[in-house]
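The lines below spell out each chain.
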Amino acid sequence: MILELIVANFPYFVSVVLFLVGLYAMIVRRNLIKKIMGLNILSTSVFLYLISVAYKEGGAPPIRVSEVEVYVNPLPHALVLTGIVVALALTSFALVLTIKIYKEYGTLDSDKLMDL
Amino acid sequence: MTTIVIKTIARVLVPFLQLFGFYIIVHGPVSPGGGFQGGVIVGASMILLALSYDLSSAEDRASHKVRIIMDSTGALLFAGIGLLCLLVGGVFLEYGIIPLPMAPAEVRGLMILLVGVAIGIHIMALAASLFLHLAEEHDT
Amino acid sequence: MDHSPILVVITPFVGAYLSPLLGLWRERLCYPVAVAAALLSLFFSFRLAGSVLTSGTIRYWVGGWEPPWGIELVVDPLSAFMCLTISLVSLLAVIYSKNFIEKELPRGKMTSYYTLILLLIGGMLGVVVTGDLFNLFVLTEIFSVAAYALVAISGKRGSFIGSYRYLILASIGTSLILLGTGYLYIITGTLNMADLAVRLPAFYDSWVVFGALAFLLIGFGIKTALFPLHTWLPGAYSIAPAPVTAIFSAVVSKVGGYSLIRVLFTIFGLEFITDLVPVAPALTWVAAATILVASMFAISQTSLMRMLAYSSVAHIGYVVLGVALAVEMGMTGGILHIFNHALATGCLFFCAGAVIYKTGIRHIDDLRGLGGKIPLTMAAFTLAAASKVGIPPSAGFVSKFYLSLGALEAGEWIFVIVILLASLMSAVFYLRVINLIFFGGDKHEVRRDELPLSMLFPIIILALGCAVFGIFVGIPLQLVEPAVMVLSEL
Chain A
1 MILELIVANF PYFVSVVLFL VGLYAMIVRR NLIKKIMGLN ILSTSVFLYL ISVAYKEGGA
61 PPIRVSEVEV YVNPLPHALV LTGIVVALAL TSFALVLTIK IYKEYGTLDS DKLMDL
Chain B
1 MTTIVIKTIA RVLVPFLQLF GFYIIVHGPV SPGGGFQGGV IVGASMILLA LSYDLSSAED
61 RASHKVRIIM DSTGALLFAG IGLLCLLVGG VFLEYGIIPL PMAPAEVRGL MILLVGVAIG
121 IHIMALAASL FLHLAEEHDT
Chain C
1 MDHSPILVVI TPFVGAYLSP LLGLWRERLC YPVAVAAALL SLFFSFRLAG SVLTSGTIRY
61 WVGGWEPPWG IELVVDPLSA FMCLTISLVS LLAVIYSKNF IEKELPRGKM TSYYTLILLL
121 IGGMLGVVVT GDLFNLFVLT EIFSVAAYAL VAISGKRGSF IGSYRYLILA SIGTSLILLG
181 TGYLYIITGT LNMADLAVRL PAFYDSWVVF GALAFLLIGF GIKTALFPLH TWLPGAYSIA
241 PAPVTAIFSA VVSKVGGYSL IRVLFTIFGL EFITDLVPVA PALTWVAAAT ILVASMFAIS
301 QTSLMRMLAY SSVAHIGYVV LGVALAVEMG MTGGILHIFN HALATGCLFF CAGAVIYKTG
361 IRHIDDLRGL GGKIPLTMAA FTLAAASKVG IPPSAGFVSK FYLSLGALEA GEWIFVIVIL
421 LASLMSAVFY LRVINLIFFG GDKHEVRRDE LPLSMLFPII ILALGCAVFG IFVGIPLQLV
481 EPAVMVLSEL
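Residue numbers (the working numbering), protein chains in the order written: chain A, 1 to 116; chain B, 1 to 140; chain C, 1 to 490.
Incorrect hints may have been included.
What the hints assert, rightly or not - Pairs of lysine-lysine residues, derived as DSBU-like cross-links and limited to a Cα-Cα distance of at most 30 Å, are as follows:
#1 C/LYS103 with A/LYS100
#2 A/LYS100 with C/LYS358
#3 A/LYS34 with B/LYS65
#4 A/LYS100 with A/LYS56
#5 A/LYS103 with C/LYS373
Because the hints were derived from the structure by calculation, they are not lab data.
Given these sequences and hints, build the entire structure.
Laid out in structure tokens, this is it:
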């Protein structure tokens with residue numbers, strides 16, 4: 001019963017698990033790089049969720065061809081693409097900051113950085 | 001650690017990568033793809049160069065100055081096309097209104113291609129910059 | 001056809017990409033470009049406000065595509081009001097930057113500074129004119145990323161950590177906003193705000209809608225810096241260059257508040273947030289907690305910038321409190337306070353920056369006797385502080401008065417006590433500073449010497465604004481009253 005529910009909604013469960021993993025990494029892990037990894041996992045889970053919602057069984061790419069009846073909804077893909085660009089910008093900027101922080105303080109441990 | 005194998009493969013691969021990137025950019029109006037995706041591929045070819053050779057050889061081909069110029073002109077081109085539509089009496093990015101001797105649908109296709117190229121120029125400079133700046137930070 | 005809605009957004013962006021091009025050639029050309037772009041934005045904002053007042057809400061279809069297929073820009077009185085506030089404060093901050101940046105930033109950062117500040121301005125203006133929920137998300141990200149970079153740009157000790165903490169916390173908010181947007185899209189099939197408002201009532205009993213509301217509230221709550229989510233703000237604000245901090249505190253967190261207002265009132269509607277799910281009453285308590293806690297923290301600060309930062313957290317609380325009361329007087333007070341607080345806090349941060357520029361002082365105790373050295377600046381500081389405390393007839397008094405009336409109208413007299421108590425607390429920490437400045441004795445070797453004109457001008461304008469808009473309240477109310485009407489109708 002529960003198993004059937006999980007199998008039927010598998011992508012959603014994966015995305016929830018990934019979301020929590022990412023959130024945990026961002027809040028609890030002390031290493032700054034691991035926080036950035038958490039950020040990436042978190043945003044990936046959101047993208048996975050949006051993409052799996054847009055998926056249709058047997059749907060074709062949304063370009064009009066005469067014999068195709070069912071198209072995949074293109075809008076969530078556009079949202080996800082934009083979201084990926086945003087995540088890329090955030091990640092690269094966070095990495096630059098991490099390098100700068102490491103050069104200045106010689107550590108990536110957020111607890112030690114708090115004491116400084 | 002870069003060996004002769006890596007260097008040779010990269011040297012063969014880079015032109016094809018860039019060609020593929022340009023293909024994706026100009027094919028944007030009629031198939032999946034477009035400025036962003038193609039631009040990233042072209043930018044990635046510079047990253048491959050920096051990884052397989054060294055930073056300075058990538059810097060030689062895409063110097064800081066060139067990247068900034070490409071970055072800005074790409075973005076300004078995009079805004080310029082949008083503002084051009086205002087000048088000829090339409091609303092922002094209303095491509096169909098631009099007076100060219102063809103059907104409005106064709107004008108739209110052409111303008112989407114131009115916008116795609118503008119975004120492609122912008123993104124290829126940006127993607128290369130992201131990596132090269134990070135690597136420079138790390139080196140110094 | 002009036003193109004002001006798109007031009008107001010596109011001008012700063014064009015400026016932002018022109019300045020690196022010109023910066024390669026001559027670095028000092030960036031400043032005039034930035035001033036020109038900000039000035040043009042202000043001009044278009046005035047035109048927007050004018051046409052909104054005469055002909056009501058403006059709808060602009062980008063690319064000529066009809067919504068909900070195309071992207072729509074919607075400028076209602078609230079948007080026009082925010083546009084004016086943002087572009088006014090931004091223009092003054094850009095003008096102020098000239099001398100400050102030359103002295104405080106490392107060499108070679110000037111081009112990136114002006115590019116980033118124009119991206120920040122453009123992003124914020126985009127947020128307030130867009131009528132599309134996903135555009136709201138994207139533009140929020142554009143100005144947020146520019147904001148993270150501006151926090152780190154000085155390269156001073158602690159700036160990278162401040163920026164990193166801001167980034168990590170705010171990007172959790174980002175993901176939640178995207179998730180909430182996705183939820184709303186999935187259940188209604190549209191992202192246009194007006195369209196969402198029409199289609200949502202059919203799904204009011206669905207858990208998906210509750211989930212979307214919760215995600216959007218927390219996400220924008222982080223960007224707005226409401227009480228338990230405010231921890232990133234003081235670190236980021238106290239380390240950024242002063243003109244940037246002025247923009248941050250005056251408008252950036254207000255834009256977060258604006259997004260909250262849009263989500264609550266335009267998308268979900270008054271009935272849903274007060275009766276069906278009592279979000280608005282809950283928000284009033286959160287806002288009250290924000291006001292009291294932030295004021296308490298502000299009293300205990302020893303650094304001037306940090307004290308002002310906590311004080312601005314408290315004032316975001318006033319804005320949210322007023323709007324969440326969801327009665328006419330309260331909303332008028334809350335929205336009016338966006339403008340009045342922007343004037344006062346902008347002026348205070350400019351003055352704090354002026355002190356740093358002139359003497360390098362960041363500590364409150366070291367301010368002794370500065371009143372005799374830079375008298376005009378310190379007089380402006382006093383005027384703005386009076387407005388923040390809410391001493392009549394300053395502008396801050398008017399909005400706090402409206403807020404108290406709103407709290408009484410809603411029957412929540414406890415919030416009147418909160419407002420009075422918090423005003424008393426802010427009197428404690430502002431009067432301490434003013435007392436030190438003018439009557440703390442003289443221990444400085446600095447000559448009596450005013451600031452360069454480019455820094456003095458914005459300070460004087462904002463300080464005069466604090467006084468003038470306390471007496472001529474009708475001027476901002478022209479836009480605020482229709483804004484409240486539009487919001488409470490929906």
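Hint check results:
Between C/LYS103 and A/LYS100, the direct Cα distance comes to roughly 22 Å. Compliance with the 30 Å bound is thereby established for this hinted pair. Proposed proximity of A/LYS100 and C/LYS358 is supported: the alpha carbons are some 29 Å apart, at most 30 Å. For the given pair, A/LYS34 sits about 34 Å from B/LYS65 by alpha-carbon distance, which is inconsistent with the 30 Å threshold. The straight-line distance between the Cα atoms of A/LYS100 and A/LYS56 is roughly 45 Å, outside the 30 Å bound, and the hint therefore fails.
Taking the CA atoms of A/LYS103 and C/LYS373, the gap is near 39 Å; set against the 30 Å cutoff, the hint is violated.
Consistency note: the structure conflicts with the earlier hints numbered 3, 4 and 5.
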